[in-house]
Amino acid sequence: MPHDAMSKLVGDYYTTHFSPDPTSEGDTLILNLGPQHPSTHGVLRVVVEMDGEYIRRSEPVLGYIHRMHEKMGEVKTYLQYLPNMGRVDYLHALAWNWAYVGAVEKLMGIKVPPRAEYIRTITCELNRISSHLLWWGAYILDLGGITPIFYAFADRERIMDILQRVTGARLTYCYYRFGGVSADIDDDFIKETREFLQHFKTRLPIYHGLVTGNVILRGRCEDIGVLPVEMCRRYGATGPVLRGSGVAYDTRRFEPYSVYDQLEFDVPVGKNGDAMDRYDVRMAEMVQSVRIIEQALDALPDGPHVSPDLPDRFIPDKGEVYFAVEGARGKIGVYILSDGTAKPYRLKLRSPSFSNLHVFAELAQGTLLADAISIMGSLDLVIPEIDR
Amino acid sequence: MSMKTIGQTIKSLWSLIVGLKITTVEFCRPQITVHFPRKEVTNLGTYRGHIDLVPLANDAQTPRCIMCGYCADTCPSGCISLKFHMTGEEVNPEQRRRLLLGLDVAVPRSGGKTPPPDKIERVLDKFDLNYNYCSLCGLCVQGCPVGSLAFSRDVYLVGRARQDFEFDLLGRLKSRAGTNSGKAAA
Numbered sequence: 095m096p097h098d099a100m101s102k103l104v105g106d107y108y109t110t111h112f113s114p115d116p117t118s119e120g121d122t123l124i125l126n127l128g129p130q131h132p133s134t135h136g137v138l139r140v141v142v143e144m145d146g147e148y149i150r151r152s153e154p155v156l157g158y159i160h161r162m163h164e165k166m167g168e169v170k171t172y173l174q175y176l177p178n179m180g181r182v183d184y185l186h187a188l189a190w191n192w193a194y195v196g197a198v199e200k201l202m203g204i205k206v207p208p209r210a211e212y213i214r215t216i217t218c219e220l221n222r223i224s225s226h227l228l229w230w231g232a233y234i235l236d237l238g239g240i241t242p243i244f245y246a247f248a249d250r251e252r253i254m255d256i257l258q259r260v261t262g263a264r265l266t267y268c269y270y271r272f273g274g275v276s277a278d279i280d281d282d283f284i285k286e287t288r289e290f291l292q293h294f295k296t297r298l299p300i301y302h303g304l305v306t307g308n309v310i311l312r313g314r315c316e317d318i319g320v321l322p323v324e325m326c327r328r329y330g331a332t333g334p335v336l337r338g339s340g341v342a343y344d345t346r347r348f349e350p351y352s353v354y355d356q357l358e359f360d361v362p363v364g365k366n367g368d369a370m371d372r373y374d375v376r377m378a379e380m381v382q383s384v385r386i387i388e389q390a391l392d393a394l395p396d397g398p399h400v401s402p403d404l405p406d407r408f409i410p411d412k413g414e415v416y417f418a419v420e421g422a423r424g425k426i427g428v429y430i431l432s433d434g435t436a437k438p439y440r441l442k443l444r445s446p447s448f449s450n451l452h453v454f455a456e457l458a459q460g461t462l463l464a465d466a467i468s469i470m471g472s473l474d475l476v477i478p479e480i481d482r
Numbered sequence: 006m007s008m009k010t011i012g013q014t015i016k017s018l019w020s021l022i023v024g025l026k027i028t029t030v031e032f033c034r035p036q037i038t039v040h041f042p043r044k045e046v047t048n049l050g051t052y053r054g055h056i057d058l059v060p061l062a063n064d065a066q067t068p069r070c071i072m073c074g075y076c077a078d079t080c081p082s083g084c085i086s087l088k089f090h091m092t093g094e095e096v097n098p099e100q101r102r103r104l105l106l107g108l109d110v111a112v113p114r115s116g117g118k119t120p121p122p123d124k125i126e127r128v129l130d131k132f133d134l135n136y137n138y139c140s141l142c143g144l145c146v147q148g149c150p151v152g153s154l155a156f157s158r159d160v161y162l163v164g165r166a167r168q169d170f171e172f173d174l175l176g177r178l179k180s181r182a183g184t185n186s187g188k189a190a191a
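Quick note, the sequences are listed as chains P and E, same order. Using the working numbering, the letters of the first sequence map in sequence onto residues 95 to 482. Using the working numbering, the letters of the second sequence map in sequence onto residues 6 to 191.
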């Protein structure tokens, strides 16, 4: 390396690749946001070019928590891959569980008993509430409010207690199985869930009073990071990010799987597509999840929790399959290509956070750094899901 | 200052007062956390620890295990290793090979009905668990055709080295049986 290059701090490939445009006017600064930054919630790194307090350009750098989940799928049998699904998105692990078992069931033509479908719906929606609660607490923590995360965790803890009863885990669930779920829910589970839902309904007004109506939060969210529908389409953003921009697209409604077509629920949408709309959509989604769980508990049929006529070995025929579910962050898709052996030939995971993250680079252009933090929080990113 | 600004300011201040009211009410509520060493949480009954062998109903020293090897084969992380030897009739090498390959063993969900071939009795010598790699997915417990595996309830398991998490499950079963019979005798 020449001496003059060594004398300057050149940085790694990403910073040199991102070096300021020499023709640009003014004094700009390249800044690394992450990989250890409190508001990136994990190991996301965003390289930004700052012009004073304003962001000129930004680029997310991925790969710090890449675990080769897709490659692991090729070297493990269909059954052995199940625990991986709890670790892609640890906050809404059951949705990933569902996407994978759903894909294999579709591939092998396995019928799921109705009771198992309802149990899946109940547990997945409980998990969605716990995921949104954590996002709610963490987002406001990013914006400088410390109290809400303790409120959120108190309620989230109760959901984890309920789910621990059947799944045996508190975070990285591995609960769904091909043709059903691994354990049946009992009366205690139903009683505790109903108690929690009643309790949670009294908590939501507290959340809204404490945070939603708060002038400081509204100042940090309203008209910040306005995301047009056209940009969502270009990047493939889904979930609350897309719904916040006013598109009522929900996989549970538009590609109904399981029993969602028999349950009544609304798809909340925003108007302007700013951070506040995304916030409102998630808060409203928790209410819808409560509605779904209540209906599912009322309609819970008797019967086996796992299909009684399963094959002894899970070896599908040659073929390919794609199955999508609605996760807390958007559309989760699993694509499996089978060559007729015990292991998938190729397994592709479509994670919503990956698409949602890339909106950020364009959205943050020209905003204040502090607003960029608010935008990033409002996208609800889960880094392990981005890297997979 | 216009009337609108004044109205906005009053509204903003009111939102802060609402928030303060909520935190004050919450402050007066009873504590929901527990002070750990003095008190325990109440949901430890559903905790899943590492797996353990389940003994036969009439013999606390012998596990239910039929040595089919399903758990070791299924485990996504390869945590389980077991060794056994055969007693009784002379086994020809071909039979032994078939046994080791697990071609004649009980299939999952068969309720353990398929017996080992040729009345050969298998004796479990070793059942080791490397808990370092276990992800507690429960595939072994759920898949065991004779229900010989169960989760332990050891919440407070700690270790200083990797070796502390390499368990000899057969030894654990025997020592458990020993302490139980000792208690019964006393």
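Do not take every clue at face value.
[Stated by the list, open to error] Derived DSS-like pairs (lysine-lysine); straight-line CA-CA distance at most 30 angstroms:
#1 16/E x 170/P
#2 205/P x 285/P
#3 170/P x 26/E
#4 205/P x 442/P
#5 295/P x 285/P
#6 88/E x 9/E
#7 412/P x 442/P
#8 205/P x 295/P
#9 295/P x 16/E
#10 205/P x 170/P
#11 442/P x 200/P
#12 365/P x 179/E
#13 9/E x 365/P
#14 200/P x 365/P
#15 44/E x 285/P
#16 437/P x 88/E
#17 26/E x 295/P
#18 26/E x 16/E
#19 200/P x 165/P
#20 205/P x 365/P
#21 165/P x 365/P
#22 437/P x 285/P
#23 365/P x 412/P
#24 88/E x 131/E
Everything labelled a hint here was simulated from the structure, so no lab data went into it.
Evaluated hints:
{"no.": "1", "hint": "16/E x 170/P", "result": "violated (59 angstroms)"}
{"no.": "2", "hint": "205/P x 285/P", "result": "holds (28 angstroms)"}
{"no.": "3", "hint": "170/P x 26/E", "result": "violated (54 angstroms)"}
{"no.": "4", "hint": "205/P x 442/P", "result": "holds (23 angstroms)"}
{"no.": "5", "hint": "295/P x 285/P", "result": "holds (16 angstroms)"}
{"no.": "6", "hint": "88/E x 9/E", "result": "violated (82 angstroms)"}
{"no.": "7", "hint": "412/P x 442/P", "result": "holds (16 angstroms)"}
{"no.": "8", "hint": "205/P x 295/P", "result": "violated (35 angstroms)"}
{"no.": "9", "hint": "295/P x 16/E", "result": "holds (26 angstroms)"}
{"no.": "10", "hint": "205/P x 170/P", "result": "holds (23 angstroms)"}
{"no.": "11", "hint": "442/P x 200/P", "result": "holds (15 angstroms)"}
{"no.": "12", "hint": "365/P x 179/E", "result": "violated (66 angstroms)"}
{"no.": "13", "hint": "9/E x 365/P", "result": "holds (24 angstroms)"}
{"no.": "14", "hint": "200/P x 365/P", "result": "violated (36 angstroms)"}
{"no.": "15", "hint": "44/E x 285/P", "result": "holds (25 angstroms)"}
{"no.": "16", "hint": "437/P x 88/E", "result": "holds (27 angstroms)"}
{"no.": "17", "hint": "26/E x 295/P", "result": "holds (19 angstroms)"}
{"no.": "18", "hint": "26/E x 16/E", "result": "holds (15 angstroms)"}
{"no.": "19", "hint": "200/P x 165/P", "result": "holds (21 angstroms)"}
{"no.": "20", "hint": "205/P x 365/P", "result": "violated (40 angstroms)"}
{"no.": "21", "hint": "165/P x 365/P", "result": "violated (40 angstroms)"}
{"no.": "22", "hint": "437/P x 285/P", "result": "violated (40 angstroms)"}
{"no.": "23", "hint": "365/P x 412/P", "result": "violated (45 angstroms)"}
{"no.": "24", "hint": "88/E x 131/E", "result": "holds (5 angstroms)"}
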